[in-house]
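Chains as they are written, first to last, in the numbering used here: chain E, 4 to 275; chain B, 4 to 275; chain X, 143 to 506; chain H, 143 to 506.
One or more of the hints may lead you astray.
Unchecked claim - Heads up, simulated DSS-like pairs for lysine-lysine below, C-alpha to C-alpha not over 25 Å straight-line:
| no. | chain 1 | residue 1 | chain 2 | residue 2 |
| --- | --- | --- | --- | --- |
| 1 | B | Lys197 | B | Lys168 |
| 2 | H | Lys243 | E | Lys9 |
| 3 | E | Lys168 | B | Lys168 |
| 4 | E | Lys35 | E | Lys63 |
| 5 | E | Lys168 | E | Lys197 |
| 6 | X | Lys243 | E | Lys197 |
| 7 | B | Lys35 | B | Lys9 |
| 8 | B | Lys197 | E | Lys9 |
| 9 | H | Lys243 | B | Lys197 |
Unchecked claim - What follows is a set of in silico ranges between Cβ atoms, one per label pair, in the way DEER data are often shown:
| no. | chain 1 | residue 1 | chain 2 | residue 2 | range |
| --- | --- | --- | --- | --- | --- |
| 10 | E | Leu103 | X | Ile154 | 16 to 24 Å |
| 11 | B | Pro194 | E | Cys86 | 43 to 51 Å |
| 12 | E | Leu56 | H | Gly158 | 51 to 59 Å |
| 13 | H | Asp486 | X | Lys243 | 41 to 49 Å |
| 14 | E | Pro170 | B | Arg107 | 22 to 30 Å |
| 15 | H | Asp307 | X | Glu410 | 28 to 36 Å |
| 16 | X | Pro230 | H | Gly158 | 55 to 63 Å |
| 17 | B | Pro194 | E | Glu59 | 29 to 37 Å |
| 18 | H | Asp268 | B | Thr65 | 50 to 58 Å |
Hints in this document: simulated from the structure, not taken from any laboratory.
Even glycine gets a Cβ: it sits at the ideal position worked out from N, Cα and C.
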Amino acid sequence: MSQRFKLLEICRRALSAFAVVTAVVPIYLLIKQAFSVELDSFAWPPRWIPHHLTLEHLHKVTSTGELRESLIRSAEVATVAACTATLLGTMLAYAMTRDLRARRWGLAALTASRLLPMIAVALPLATVLIRVGLYDTPSGLGLALVHAAIALPVAAILLLGAFAKIPLELEDAAFLDGASQLTILLRIYLPQLKQALAAAFVLSFLSSWDEFGFGLLLQPTNRTLPPLIYYYAVFGDVGAASALALVSTAPVLIVLVALRHILIRQPKPPAF
Amino acid sequence: MSQRFKLLEICRRALSAFAVVTAVVPIYLLIKQAFSVELDSFAWPPRWIPHHLTLEHLHKVTSTGELRESLIRSAEVATVAACTATLLGTMLAYAMTRDLRARRWGLAALTASRLLPMIAVALPLATVLIRVGLYDTPSGLGLALVHAAIALPVAAILLLGAFAKIPLELEDAAFLDGASQLTILLRIYLPQLKQALAAAFVLSFLSSWDEFGFGLLLQPTNRTLPPLIYYYAVFGDVGAASALALVSTAPVLIVLVALRHILIRQPKPPAF
Amino acid sequence: MAELVMRDVSRIFRSGRGVRNLSLTVEEGEFFVVLGPSGVGKSTLLRLIAGLDTPDNGEIEIGGRSVTHRARPDHTVAMVFQNLALYPHMSAYENIAFPLKMMGLGRREIEERVRRTAALAGLEIDLNRRPSQLSGGERQRVALARALVREPRLILMDEPLSQVDVQLRSVLRVELKEFQRRTRRTIVYVTHDHDSAFVLGDRISVMHEGRIAQIGSPEEVYRRPANLFVARFLGHPPMNLLRCQVAESGRGLWVNDVRLELDPPDGESGELVLGIRPQDLSVQPEFGAVKLEVKVESLEYLGARYLVRARLGNQALLVELPRSLQPGQIAHLYARADRFHFFDATSGERIGQTHDKASTVTKG
Amino acid sequence: MAELVMRDVSRIFRSGRGVRNLSLTVEEGEFFVVLGPSGVGKSTLLRLIAGLDTPDNGEIEIGGRSVTHRARPDHTVAMVFQNLALYPHMSAYENIAFPLKMMGLGRREIEERVRRTAALAGLEIDLNRRPSQLSGGERQRVALARALVREPRLILMDEPLSQVDVQLRSVLRVELKEFQRRTRRTIVYVTHDHDSAFVLGDRISVMHEGRIAQIGSPEEVYRRPANLFVARFLGHPPMNLLRCQVAESGRGLWVNDVRLELDPPDGESGELVLGIRPQDLSVQPEFGAVKLEVKVESLEYLGARYLVRARLGNQALLVELPRSLQPGQIAHLYARADRFHFFDATSGERIGQTHDKASTVTKG
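Turn these sequences into a full structure, and let the hints guide you.
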């Protein structure tokens with residue numbers, strides 16, 4: 004048997020190596036940089052274990068008002084974006100579930116919209132936002148709507164998968180039982196979509212929370228968190244940037260820990 | 004019937020509206036800005052049809068050497084990234100197909116790696132690349148590897164779906180027919196994966212081609228196309244940036260036109 | 143009184159499938175089975191009656207009132223779906239209560255009607271359990287109770303027994319038939335399963351390509367199939383169908399170059415199709431007066447019986463016998479003359495009195 | 143000579159399923175069928191023989207050589223999979239040629255052997271077509287040809303007929319049996335379908351929970367089931383099994399408070415399980431000497447026959463009769479004494495000479 008599946012073994016090792024290189028090493032380095040003095044970070048040969056630990060960076064970052072402000076703004080933007088994407092995603096997924104033609108064109112539109120270069124869309128979007136007065140506002144509402152549009156395809160496709168698991172006969176049965184379409188959506192579909200809705204919300208929230216490029220372009224002064232980190236890094240304070248980046252991973256880590264069971268228990272591969 | 008599906012109709016319209024707002028309007032505005040004089044772009048109330056057309060921006064952009072250089076670099080980076088992601092993705096997907104445990108952990112790792120905030124990973128990655136001498140190189144190899152890592156989850160999940168459609172008995176049959184595991188991969192699996200491999204390559208290529216944040220951070224002087232557009236825009240030359248952005252959409256448009264049949268003919272919703 | 147009347151109803155989809163110029167009448171208290179292979183339009187028929195779809199043409203009446211163009215279904219029709227379509231997030235109780243809640247009834251009345259209907263459907267379980275916690279048979283009964291609870295005039299069933307295993311299916315079948323005998327509900331039941339149709343139906347409507355091929359009692363459609371489709375479709379193994387020529391004298395038949403001493407229906411000549419079921423042939427001369435000389439080709443042991451593949455003339459003939467024969471052997475088979483069926487070779491229609499219900503033969 | 147020998151082979155999965163202490167011998171040129179419900183370890187057995195899996199314990203020999211711990215399968219075994227496992231991107235020709243290419247044969251030799259094998263498997267099609275362009279029967283034959291082309295000692299088949307429709311299945315079954323009769327290949331065929339097992343098998347091995355419940359010819363396992371599992375599993379409708387008490391005198395039986403004038407096997411006393419097939423009961427007194435007085439409860443019309451549900455004592459009894467009875471009626475049924483089966487009430491094992499092949503009764 005072991006003879007037979009040698010190639011499989013190689014692939015499995017590649018998988019482990021990938022997990023270590025893309026997730027474990029960067030996270031370790033991030034934590035190390037956030038808590039060690041500057042010299043350590045660029046020492047050659049690289050030191051895996053820092054010699055001098057410090058809380059200086061973290062202290063510096065938390066003591067400025069800029070951080071609090073952009074933390075709150077990022078949270079607001081992500082919440083608005085996630086709510087909008089989940090709501091619209093549910094509507095789109097429902098339309099695509101019942102209507103084969105809507106599904107075809109919907110999936111095509113969603114895929115196509117994901118393929119558009121972000122930078123090419125960002126410029127005209129900035130123009131539009133300036134015109135409607137949503138460019139670089141303190142609340143970040145314009146950015147939130149853009150983030151919602153970015154998150155919508157994933158939310159819609161995720162919800163489409165959940166809708167697809169609900170047999171169409173359930174809707175027919177409820178219709179014959181005398182339910183209106185709104186009742187069907189609220190009392191038949193939604194209770195069965197709880198998990199997918201939560202997943203769509205969480206993914207949309209995180210994608211907005213982590214988004215960098217549009218934030219940089221559309222909120223140049225009223226910054227969200229990722230551009231703020233970028234500015235710290237560009238102005239040479241890598242320690243402070245790292246400390247800030249570490250803070251920004253908090254919601255991701257919370258979600259990963261909270262969802263670890265769902266993430267690991269996923270027997271079927273997606274059919275995409 | 005029309006009575007019954009009123010809500011469905013509303014959802015269907017939301018779908019159309021979404022397609023128009025996120026894809027059609029930005030593309031139109033981009034084209035308009037690239038070919039019209041500055042004043043037009045910021046006119047209030049907005050003019051949908053420009054009064055004065057010009058080729059000035061496009062001419063300006065094509066006459067500088069910087070454009071050619073970064074076009075070639077972007078193409079190189081995207082090619083290397085796409086090849087790497089497709090190759091690694093095939094290996095991972097194969098391991099996940101034959102091994103339930105690998106699939107579970109693999110999907111979890113791939114999902115988790117997609118949830119990590121890009122900016123948090125970018126800082127330690129920059130440190131690593133500086134150390135191994137791949138930071139801001141003219142060839143952009145470091146950035147290409149990072150892009151490969153970003154594209155890998157999508158490529159792997161896409162290929163996993165294609166592998167899943169091939170019954171396991173095919174491998175058993177080929178094994179009993181006397182084929183080695185490498186023969187099985189090359190002569191049984193690959194011919195049936197052609198479409199998925201092409202799709203994985205194209206998506207990886209485009210995701211690298213369009214990527215902005217890592218390019219900005221990891222190639223500050225040897226720029227790829229999206230950061231170059233950003234610099235043009237930030238330094239106030241929106242017309243030139245738009246013209247450049249228009250150029251950058253070329254491969255996306257080619258792909259969309261080439262794949263239009265595959266995009267639209269997709270009867271089953273994903274099971275994700 | 144006629145509970146359901148369909149007049150010349152058509153509903154044709156782009157694929158060309160659907161229901162074509164279909165007319166039928168279901169009497170009050172009747173168990174009416176629609177039988178046909180899959181894709182023949184059975185489910186379309188049911189959806190039209192339920193009001194889930196609207197006919198292109200024709201009229202549908204339930205209890206004397208036209209329902210062809212109703213905006214939404216009223217309380218006269220209920221349906222049990224193939225996959226039962228129980229609401230998975232609701233308990234059995236909530237499932238049964240859902241139609242009543244939609245009617246806006248009060249809590250006490252709902253409770254009372256749910257309890258009563260559950261008992262009627264034979265549900266003796268804790269109604270707080272979810273569908274996923276119930277057995278196949280229990281789920282079936284919950285679906286039935288949900289259909290019953292609004293006391294509809296007409297209950298539609300779309301192969302609800304197709305997803306339980308064979309053993310349970312035969313138990314539930316008997317239970318359903320008993321339930322209908324007791325309560326005299328009007329039921330329209332759609333299936334592709336001959337056994338279910340025969341066991342359940344007071345009358346069976348056999349469907350073929352969107353049309354009705356024959357309507358009649360189980361005995362009628364089995365013993366006097368109206369055309370070649372019904373003859374082939376009902377019975378397992380299927381009826382033997384042999385091309386034959388009426389002898390010039392008008393007495394006796396030729397199957398290729400073999401002569402059968404069997405008289406065709408009066409006035410027929412030329413080519414006919416002769417049908418005989420594998421079970422209606424025997425090796426015992428006392429079984430019937432018509433003698434067939436066949437060549438045994440092979441035989442299959444089926445446990446209780448042998449399935450013999452033989453040749454008459456150069457046409458294949460299947461025979462079910464309780465004893466074994468030798469392959470290669472020439473055997474004599476006997477059958478009663480009234481067990482032969484004649485069909486027109488071009489139209490495929492039965493020749494002889496198809497609709498004479500009085501003449502239903504009792505087997506013996 | 144024994145082509146395949148398995149000695150005390152076990153392969154148990156974490157789920158508890160698999161194969162347990164299984165021993166069997168398949169003779170050269172034999173059509174050996176492994177029959178059992180799904181999940182009983184049939185496919186595991188086949189994968190062990192094929193070398194796709196390795197036993198935890200025990201020995202497997204093919205053609206006299208041990209293959210228990212082979213690193214990879216040699217050319218002695220070929221397999222036809224349930225889904226056929228044809229390579230979809232290759233033509234029929236390339237599919238059949240693939241095993242030969244893997245052997246490194248020259249182009250001309252491959253071509254010659256592919257043509258020869260295709261003819262042997264009854265393939266009369268354009269071999270350049272892909273599997274998706276072939277009919278179900280043609281695909282079946284391509285899979286058979288691919289298994290044959292290396293001239294294996296042993297062909298394993300994992301329910302390859304389960305995915306074609308009933309009509310085609312019975313045709314392909316006859317064809318496969320004919321092929322095996324002609325070529326005398328050794329075939330091990332796994333199925334859950336009684337009909338296939340009875341039609342195809344020279345011997346049938348009935349499996350139950352990873353073990354062999356009985357091995358014998360189709361007639362043997364049907365007429366002399368070795369235990370209650372085999373008795374219940376074979377035959378449709380299933381055998382009636384009645385709990386009964388041996389009368390104190392040792393002659394006659396009590397089914398609850400009804401006395402049967404049927405003598406139990408010598409020396410038995412106390413509680414037994416009595417078995418009788420629904421087809422072995424008749425209303426005609428000349429059918430057999432044992433008389434049963436039953437109460438008719440309900441009946442189902444099955445076309446050729448009626449299935450009567452009756453009660454003997456307070457136990458249910460199914461009877462298949464060619465004529466109808468009245469529900470509620472008291473009926474007298476007759477059966478031959480040698481058609482009754484006796485089983486031990488606790489162990490479930492048959493009482494009486496199970497393995498006496500000489501006594502195989504011929505039905506009449």
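(request) Find the hints from earlier in the document that the structure breaks and name them by number, from lowest to highest. (result) 7, 13, 16, 17
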